[in-house]
Every structure is written in C-alpha cells, then in structure tokens.
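Throw the hints in and build the complete structure from the sequences for me.
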Amino acid sequence: MTRRIPRFGELRFHPGSEERSAWGVFGDDDELGTLNLLSPAARRRGLDAVVDGTTYSLNWDMTLPDPTFFERKPLKHVVIDLGDVHAGTDDRYESYYSQSSTQWDALSHVGTPDGEFYNGRTERDVHDPARLMLSIANAAASGIAGRYVLLDIGRYRESIGRRVDNAARDIITPAELDAALAWQGSKLEEGDILLLRTGWIEWYEGLDSAARTSLAADSRAMRMRTPGLESSRDSAEWIWDHGLAAVASDTPALEASPFTFDDWDGFLHYRLIPLLGLTIGEFFVLGPLAEACAVDRRYDGLLTAAPLTMRGGSGSPGNALALR
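Each residue of the sequence shown is one higher than the one before, starting from 1 at the first, in the numbering used here.
No lab work stands behind these hints, which were simulated from the structure alone. Hints are not guaranteed to be accurate.
Unchecked claim - List time: in silico DMTMM-like cross-link candidates among lysine to aspartate or glutamate, alpha-carbon distance up to 25 Å:
| # | residue 1 | residue 2 |
| --- | --- | --- |
| 1 | Lys-73 | Glu-230 |
| 2 | Lys-76 | Asp-66 |
| 3 | Lys-73 | Glu-94 |
| 4 | Lys-73 | Asp-48 |
| 5 | Lys-76 | Glu-205 |
| 6 | Lys-187 | Asp-234 |
| 7 | Lys-73 | Glu-237 |
| 8 | Lys-73 | Asp-91 |
| 9 | Lys-76 | Asp-91 |
| 10 | Lys-76 | Asp-52 |
| 11 | Lys-187 | Asp-52 |
| 12 | Lys-187 | Glu-230 |
| 13 | Lys-76 | Asp-208 |
| 14 | Lys-76 | Asp-90 |
| 15 | Lys-187 | Asp-218 |
| 16 | Lys-76 | Asp-218 |
| 17 | Lys-187 | Glu-158 |
| 18 | Lys-73 | Glu-158 |
| 19 | Lys-73 | Glu-176 |
| 20 | Lys-187 | Asp-61 |
| 21 | Lys-73 | Asp-84 |
| 22 | Lys-76 | Glu-94 |
| 23 | Lys-187 | Asp-48 |
| 24 | Lys-187 | Glu-291 |
| 25 | Lys-187 | Glu-205 |
Right under this line is the structure:
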C-alpha cells in the first residue's frame, strides 16, 4: 500500500517550537485533517472486514457520566404530551452539552498553547459567525466511515498479569500499543480508525453514587485520575506514522488524566488536534464489541458515524456503530 502522507519526522516544524505540524499536508485550505485519509479504498476495506453483519452501538447513555464531568451541565430532557392534538409525544433537549457523553472533538475544540488552530487558523476564524472554521460540520458533510481496529488494552494487560487501574493515571505508552497489537495479531493500515479500550466505562458503571459524585468533583478541580495515552511527542508520532484517520477510546479524554495546559507535554490534545488535525473520540462504549472480538480474535470491521451537521459546532455526539 502506497503511503499518502509524509512520516512524522518529515513534517515541518510548528513556528517557534520543536513540534511537528501537518499544516498544509492536505492542502492550505483543508478543514478535515486526518479524516482525509478515509479514501474510497479505506472505506471499502472496512466493508470487506464485515463477516456476519452483527452491529454494536458505541454510544453511551446520554445522561452519563452523572454527575457530569468538568464544568458541563447535566442534560435536561423534556417530554411533551401531544394529547390535545393526537395520541403521542414530542420532546426537547435542554442544556445539552454535545461533549458530555460519547463524543467526537471537532478541530476547533483545541488550539495550540500559542492560540493557533489547525492549518494556521486563528481564533477569529473559529469564532467569527461569518467564518466558523474547523467546525464539526466538516466531518458531518461526508460522515465518518472506515475500517476500525479495536485495540483491547484491558484484556492485553490481563494477559500479562497487570490490569489497567481505572482509578489511576495509568499511562499507555507507544511501546505498549505495539505490544498489544502484536498480542492480538492486528495490523494497522493508513486510513484506519483505532478504537482503544481500557475498560473504563465498565469500571465507572460499577461505581456507587457517592463515588461518581466524588469523581465528578475531581474532574472540575482537574485532579481526576484516569488511564489513557501518554502525553508525549512519541504518542503523537506513533499515531501519525500509523496513518490513523481517527482515534477513539472509552475514557474521558483519550490521554491519561489529570493533564495540564501549561505546555506541549502537559496536554496531548495540543499535538493531536491543532498540529496534526486528528479527529478524537471519547467515552465510546467498547465493552460489548470487545467481548465479541475476544471470542473469535477478529478485531476489525466497519465503523460508521454521523456527526451533527452543526456549523460552528466544536463537537458532536458519537452516533457511532461498529459492524463485524
């Protein structure tokens, strides 16, 4: 397979830093980033990986986590009785934060420490109602569809006698990603979508109300501890050099937390979203899919997702399905 993009070490440097940037790789006017790698061939590869057509929703209950994390407000769902007109109901969603549960991050969601966004866009480009660049509407226009590879870090860790600690800042390194791929017998190809399972969702669902409330308070104080990717340049290089179109996990932030916003090494999002143009998914429900994969050791299939067509949106519910 011919590689379409340069290696990480061949990318130009972000001005004033030692960080590599993918600005211009997909064109100076590009607003899709790595989703450009979802070529017709990459999409067909996902179709070819479907064997029996079993479908798995990757979407969590829209009211979870409860209480909500960070400073996001809880969803209020109002059901309206249409009895005065006919038997039936209508409904509406109030105080709905699109990134409070299963979600995709738009490329406008995070800028660099020096205030720039993917492909050199500015805060004005992102916020000006006449521009609203890098919004989730770009991903929505063509949808997200391609071959997924589930990487079951949870079961890999169990196989080597070192379980994921979902209550800790349990770091997953690039070397461990390679080891887990080898353990599964999985190979990544350019344009694939990586689904990273730790078991965090299942762990959270086992918590009582008091523990959930405490965890939410920790998230607001930026001290919540969760497993995830190492916040390093090596992690960014690993993702880019594997040619991934998107990466989603079952954790709140993909990367290990707590994280800081002080510098490049404090927050992996800085490198992944504004520099590399990577679409990130969080809070994906991967447990049932992982159970099926563990039975027949088949870890790939077709992922489809329909982000919201919201011009200016900084994120969207996942709306994701996996077919195997």
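For each hint, the structure was consulted:
{"no.": "1", "hint": "Lys-73 x Glu-230", "result": "violated (28 Å)"}
{"no.": "2", "hint": "Lys-76 x Asp-66", "result": "holds (12 Å)"}
{"no.": "3", "hint": "Lys-73 x Glu-94", "result": "holds (10 Å)"}
{"no.": "4", "hint": "Lys-73 x Asp-48", "result": "violated (41 Å)"}
{"no.": "5", "hint": "Lys-76 x Glu-205", "result": "holds (21 Å)"}
{"no.": "6", "hint": "Lys-187 x Asp-234", "result": "holds (19 Å)"}
{"no.": "7", "hint": "Lys-73 x Glu-237", "result": "violated (35 Å)"}
{"no.": "8", "hint": "Lys-73 x Asp-91", "result": "holds (19 Å)"}
{"no.": "9", "hint": "Lys-76 x Asp-91", "result": "holds (11 Å)"}
{"no.": "10", "hint": "Lys-76 x Asp-52", "result": "violated (38 Å)"}
{"no.": "11", "hint": "Lys-187 x Asp-52", "result": "holds (21 Å)"}
{"no.": "12", "hint": "Lys-187 x Glu-230", "result": "holds (21 Å)"}
{"no.": "13", "hint": "Lys-76 x Asp-208", "result": "holds (22 Å)"}
{"no.": "14", "hint": "Lys-76 x Asp-90", "result": "holds (14 Å)"}
{"no.": "15", "hint": "Lys-187 x Asp-218", "result": "violated (37 Å)"}
{"no.": "16", "hint": "Lys-76 x Asp-218", "result": "holds (23 Å)"}
{"no.": "17", "hint": "Lys-187 x Glu-158", "result": "holds (21 Å)"}
{"no.": "18", "hint": "Lys-73 x Glu-158", "result": "violated (36 Å)"}
{"no.": "19", "hint": "Lys-73 x Glu-176", "result": "violated (35 Å)"}
{"no.": "20", "hint": "Lys-187 x Asp-61", "result": "violated (31 Å)"}
{"no.": "21", "hint": "Lys-73 x Asp-84", "result": "violated (32 Å)"}
{"no.": "22", "hint": "Lys-76 x Glu-94", "result": "holds (5 Å)"}
{"no.": "23", "hint": "Lys-187 x Asp-48", "result": "holds (15 Å)"}
{"no.": "24", "hint": "Lys-187 x Glu-291", "result": "holds (19 Å)"}
{"no.": "25", "hint": "Lys-187 x Glu-205", "result": "violated (31 Å)"}
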